[in-house]
Every structure is written in C-alpha cells, then in structure tokens.
Amino acid sequence: SLQDGKVIVWDSFTTNKEHAVTMPCTWVMACAYAPSGCAIACGGLDNKCSVYPLTFDKNESMAAKKKSVAMHTNYLSACSFTNSDMQILTASGDGTCALWDVESGQLLQSFHGHGADVLCLDLAPSETGNTFVSGGCDKKSMVWDMRSGQCVQAFETHESDVNSVRYYPSGDAFASGSDDATCRLYDLRADREVAIYSKESIIFGASSVDFSLSGRLLFAGYNDYTINVWDVLKGARVSILFGHENRVSTLRVSPDGTAFCSGSWDHTLRV
Amino acid sequence: MALLPLPQMSSKEAIGCDIGQARQAVEQLRMEAGIDRIKVSKAAADLLQFCMEQAKSDPFLVGIPAATNPFKEKKPCAIL
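One line per chain: the protein sequences are W and H, in this order.
Under my numbering, the residues of the first sequence are numbered 1 to 271, in order.
Under my numbering, the residues of the second sequence are numbered 1 to 80, in order.
Hint data in this document are derived by calculation from the structure and do not stem from the laboratory.
Any given hint could turn out to be false.
Pairs of lysine to aspartate or glutamate, EDC-like flavour, derived with a Cα cap of 20 Å [claimed, not checked]:
| hint | chain 1 | residue 1 | chain 2 | residue 2 |
| --- | --- | --- | --- | --- |
| 1 | H | Lys56 | W | Asp256 |
| 2 | W | Lys199 | W | Asp172 |
| 3 | W | Lys234 | H | Glu53 |
| 4 | W | Lys234 | H | Asp46 |
| 5 | H | Lys39 | W | Glu193 |
| 6 | W | Lys199 | W | Asp224 |
| 7 | H | Lys39 | W | Asp172 |
| 8 | H | Lys42 | W | Asp172 |
| 9 | H | Lys39 | W | Asp191 |
| 10 | W | Lys234 | H | Glu32 |
| 11 | W | Lys234 | W | Glu193 |
| 12 | H | Lys42 | W | Glu193 |
| 13 | W | Lys67 | W | Asp117 |
| 14 | W | Lys66 | W | Asp117 |
| 15 | W | Lys199 | W | Asp179 |
| 16 | H | Lys42 | W | Asp191 |
| 17 | H | Lys56 | W | Asp231 |
With the Cβ distance kept under 8 Å, some of the chain H side facing chain W (calculated, not the full set) [as the list claims (entries may be wrong)]:
| hint | residue |
| --- | --- |
| 18 | Glu27 |
| 19 | Lys39 |
| 20 | Phe50 |
| 21 | Leu61 |
Remember, predicted model here, so these are calculated numbers, not experimental data.
Backbone N, C-alpha and C fix where the C-beta goes; we use that ideal spot for every residue, glycine too.
This is chain H alone, in the form it adopts within the complex:
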C-alpha cells in the first residue's frame, strides 16, 4: 500500500517529508537536548578568565617592539 505524502511541516529544522528522516531528526534533537550544559554566567566567566590570562602574550594587545617588526615602514637614512 502506498504511503500518502506527509503535509509540509513548517519548523526551523529541515525535517523531510519522509517519516524515516523525521524520526532521525527527532533522535538527533533528543540527543542534543540531553547534553550537559553549564550556566552562561560560568561559561562567560571562564572565557573572560582565559582572555585575561592570555592578554599579556597577545601581540595585538601588547604590541611588538619596533626593532623586531619586519613590516615597520623603513625611514630613509640620510647621510650627513
């Protein structure tokens, strides 16, 4: 017996009309819903801490000494 085509579902997930695909999508969503999450306040604090610790060694924040900068514009040398 032929299966009737399912009506188009309007949802954010691209769920296919095929029931097998829909089952798979539900399984995936269940799995994603079940993962352990931490609170944003803790996650943000950790990101902040990492950033602050690494800031000292970030050349874009700290700058590099002009002597070691190969891209520094070379000034012409005037011979007196």
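Bound conformation, chain W alone:
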C-alpha cells in the first residue's frame, strides 16, 4: 500500500504488477491479503477498511467491486483477515481495534483499552486460537480475547510507541518493535518480557518485525534504513542488511519461510 493512494499487488518472481487499485484517499496505511488469495483489504486516512475482490479480468474494474467494511473515527493503521475471508480485524488511530463481518460490514466486536493510537496487530497462529495482540502509541502491547472483547494481558515495558507486533510461531510468545530502538520478546504463559534485542549503536526506532519459520531469527526493519537480524534465543544480532535508501517501514516473511520482503520510504520493495 502506498502513500499516494494506491494499492498494488505484485508477483514477486516476475516483479510484475498484477493489480493496481486507486483509493479515494491519499494515504493508504494498511493492507492485507485474504487467506484464499482472492481479495485484498486496505485502508488509511480515509478511516475505513475496504475489501477489493481480485480479478484478472481486464474488463472488470476492481474499484467497482469495492466493499467498505470497517469504519473508525480516525485513521486505519492495520488490518488483517482472520482465518477466513469473512472477517477482518482492524486497528485504528482512534485507540480501538474492531472485528468486522466482511459480507454485511457489521461490527462484531470492539476492543477498547489502549490509551492512544493503535499502530499494529497480529492474530495468534493456531486455528483454534481466538486471540490477537495489538501495540500502540501508549507504549503498551495488549492481548485480546476476540470473542469477549476483553483484554487478557497487557505489557508495558517499551519506552515509546510500539510500531509492530508479531506472534512467535508457536503462539506462546510475541515480539514487538518500538520507537525506543528496541525489539522485545514477551512470553504469554509467563506473562512477562523475556528478552530485549537492542544495541547501543541502534538509536532509530524499529518499524516492523517478523520471525523466521522456526522462530530462531527475528527480522526487524529500522528507521535508519537497515534491517537487523536477531538470534531470538541468544539475544544477539546475527546480521545487518543494507540496501534501502530510506526508512524501512514494513517487513514480512513469506508463508513458506524461504524469503522475506521489506518495504521502504525509498519506494522499493526488496526480497
């Protein structure tokens, strides 16, 4: 998703653009793929999350089939489909998260508790899991029960905004990246922070984090244009990746775990 109001779906092998959608608002901040791969959801300063079914038919305009699903009172910072194409979880600058039914656009559950903008969210990995974690400008990461709308655990050890949260592959822990230049690992069953990934030489905020398939490596993109790779168990940095010419704003490991992609303010996506 781009800040000039477009959302682009890429083929990562051929580097061709497969689809491009122009959004009515200029700042798209969040996008997500539906589990089936047949639709995408995106939103931003328009305070909404819209779902676009993907079509390869050149005669069909994707914008025409757009469905507005979520409505917040401030910008949409993150969105994610749940286990099916039918429900979407959103996080917003209005301090709340919400669960929506895609078909009817109905609000199914709302999650109140953050004291400031919610910047990120991630769903627990297991199919039976019904929790998700969110991070916000109130320096907190909160774990929510999707059915009751209750916050079940909260963690406040970061010293600044939590920009990104990602569950550990086993679902028993999650990592967060923050403007305080650290990434931290929180164990859910021990209910506390168990590791900090930081170096004195790293002074810029971490904007995005993701784990490798086994959870041994934590990839984190920073505002100093680099990507640091951390050994999750040892707490030490394994590698530093240079290449971007501006802030790394987002980072995601592929589902098969063979590669990860980073997006940056330098207008590029790198695999």
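Add chain H to chain W, keeping to what the hints say.
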C-alpha cells in the same frame, strides 16, 4: 452536588480523572493480576524446544538448494 475534580495521578497506567474510569482500570488490573502464570524457566525452555524442533524446516537456517531458488543470480551461459 458537583463532584470536585480528582487530582492528577502519576502512575504508569493511564488512569483517567473520572472515578468510573479508575474503577474500571482497577478491575482490569485485578483480572490481569489473577491469571495463571508459569515460571520463566519453564516458558523459556518451551520456546527453546519449539525452536530446536522447527529449526530443521526453517529455510533461513538450513538453506535452500540452489536449483530451487528462483532468486539465485543467473550466471551467463557461454556458448563454446
């Protein structure tokens, strides 16, 4: 009778001046304090075990054969 505004409380939790909000915050904290916790030694051991088990199937740790890697740099083919 109008309620006097409560003095600002300086605590880590963002507790509002409103007594209703403060009550809710206390309830939430009580609930969070009451959850079952396991020891970090056990939690860390479990994370370690999961990681070790999955390490064999993690492409970033094990590497992928060059033949199947679509991003491998292609070497020019010289025709002799």
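Hints, one by one, checked against the model:
| no. | hint | result |
| --- | --- | --- |
| 1 | H:Lys56 <-> W:Asp256 | 13 Å, holds |
| 2 | W:Lys199 <-> W:Asp172 | 25 Å, violated |
| 3 | W:Lys234 <-> H:Glu53 | 17 Å, holds |
| 4 | W:Lys234 <-> H:Asp46 | 15 Å, holds |
| 5 | H:Lys39 <-> W:Glu193 | 12 Å, holds |
| 6 | W:Lys199 <-> W:Asp224 | 13 Å, holds |
| 7 | H:Lys39 <-> W:Asp172 | 13 Å, holds |
| 8 | H:Lys42 <-> W:Asp172 | 12 Å, holds |
| 9 | H:Lys39 <-> W:Asp191 | 9 Å, holds |
| 10 | W:Lys234 <-> H:Glu32 | 29 Å, violated |
| 11 | W:Lys234 <-> W:Glu193 | 15 Å, holds |
| 12 | H:Lys42 <-> W:Glu193 | 14 Å, holds |
| 13 | W:Lys67 <-> W:Asp117 | 25 Å, violated |
| 14 | W:Lys66 <-> W:Asp117 | 26 Å, violated |
| 15 | W:Lys199 <-> W:Asp179 | 14 Å, holds |
| 16 | H:Lys42 <-> W:Asp191 | 12 Å, holds |
| 17 | H:Lys56 <-> W:Asp231 | 16 Å, holds |
| 18 | Glu27 | 11 Å, violated |
| 19 | Lys39 | 7 Å, holds |
| 20 | Phe50 | 4 Å, holds |
| 21 | Leu61 | 6 Å, holds |
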